[in-house]
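All the letters of the sequence shown, read from the start, carry residue numbers 1 to 301 under full-length UniProt numbering.
For the record, the hints were derived by calculation from the structure and aren't laboratory data. None of these values were measured; they are calculated from a predicted model. There may be inaccurate statements among the hints.
[Said to hold, decoys possible] Now the in silico label distances, taken between C-beta atoms and shown as ranges:
| hint | residue 1 | residue 2 | range |
| --- | --- | --- | --- |
| 1 | PHE199 | PHE48 | 20 to 28 Å |
| 2 | LEU18 | ALA264 | 36 to 44 Å |
| 3 | GLY208 | MET287 | 38 to 46 Å |
| 4 | MET287 | LEU152 | 27 to 35 Å |
| 5 | ALA207 | PRO115 | 45 to 53 Å |
| 6 | GLY261 | GLY148 | 34 to 42 Å |
| 7 | VAL210 | MET287 | 37 to 45 Å |
| 8 | VAL210 | LYS68 | 37 to 45 Å |
| 9 | GLY141 | PHE260 | 20 to 28 Å |
| 10 | ALA176 | HIS118 | 16 to 24 Å |
| 11 | LYS68 | GLY148 | 49 to 57 Å |
| 12 | THR203 | LEU121 | 33 to 41 Å |
Glycine included, every Cβ here is placed at the ideal spot set by N, Cα and C.
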Amino acid sequence: MATTSKLKATGIGLSAVLMWATLGLFGAGSGDVPPFLLNALCFGTSGFLALIWLAVSGKLALLRQPLKVWAFGTFGLFGFHFFYFTAIRNAPPVEANLINYTWPLLIVLFSAFLPGEHLRLHHIAGTVLGLAGAALLISGGEGVDFSGANALGYAAAVTSSLFWSSYSVLSRRLGAVPTEAVAGFCLMTALLSALCHVFLEETVWPAGTVEWASLLALALFPVGLAFFTWDIGVKRGDIQVLGAAAYSAPLLSTLLLIAFGFGALTLAVGIACLAITLGAVIAAKDMLFKGKSAENPQKTV
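Taking the hints into account, I'd like the entire structure generated from these sequences.
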């Protein structure tokens, strides 16, 4: 029963990765809306809709959480986005994304410190293979030049990676906090993002039906429901598998952009696809081949 429940929770968590894969497509469709305003609109919409659902279902009381829980959730969601936006503004986007996308690897490594979790060699191997595939995908197979002039951007990218990996792993330690509390985290993130927009950006609203529809799609899925399903996954699912599988998000995002005419299918994309898929399979070996794993337990790291 416990195994089935863990498998189900992992599947729910993986749905977040699928939704995050649409970020590129819907983000491209949202026009020139600046990032903090986009963040405020998306998190505000998703948080407000979740609040309505909680009120209708009689679960508003679940938002009554200790201050430390509110601080943890808010700084986790807002902190990641704040430092990510800072990174791409102060370093070349390719390099900032390469550094930022170490968060799945950090999730796998940090999970070793969780009670009841065992980090095995195939978890590390699969995640590193996924990282290699993501690096190839983001760089397009071309070299990158990490310049000291972009140190602020690189530091922000490292910080964003640490924020999201730490939030994801430490969520397991707050397993008693209901997933419904994420609605409050979204609303607080929207408020802080709106404040950053006022002081740091010029206001540019979506123009036309397509841009507003793209913004709504962002709010409903990758910047909405995804955070709720990810919470279920990291609290009750296989966190190492989720970490490794997260590398499929940039791959699927790239394939969606190609499918809708925003890019081209290249050899680098094909190799990255194989590396990320193989890495996820290796990391999920225990779940895919339970019988064999039980007969041949691997050494933990």
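Check: Where does the structure disagree with the numbered hints, that is, which hint numbers, in rising order?
Finding: 2, 4, 11 and 12
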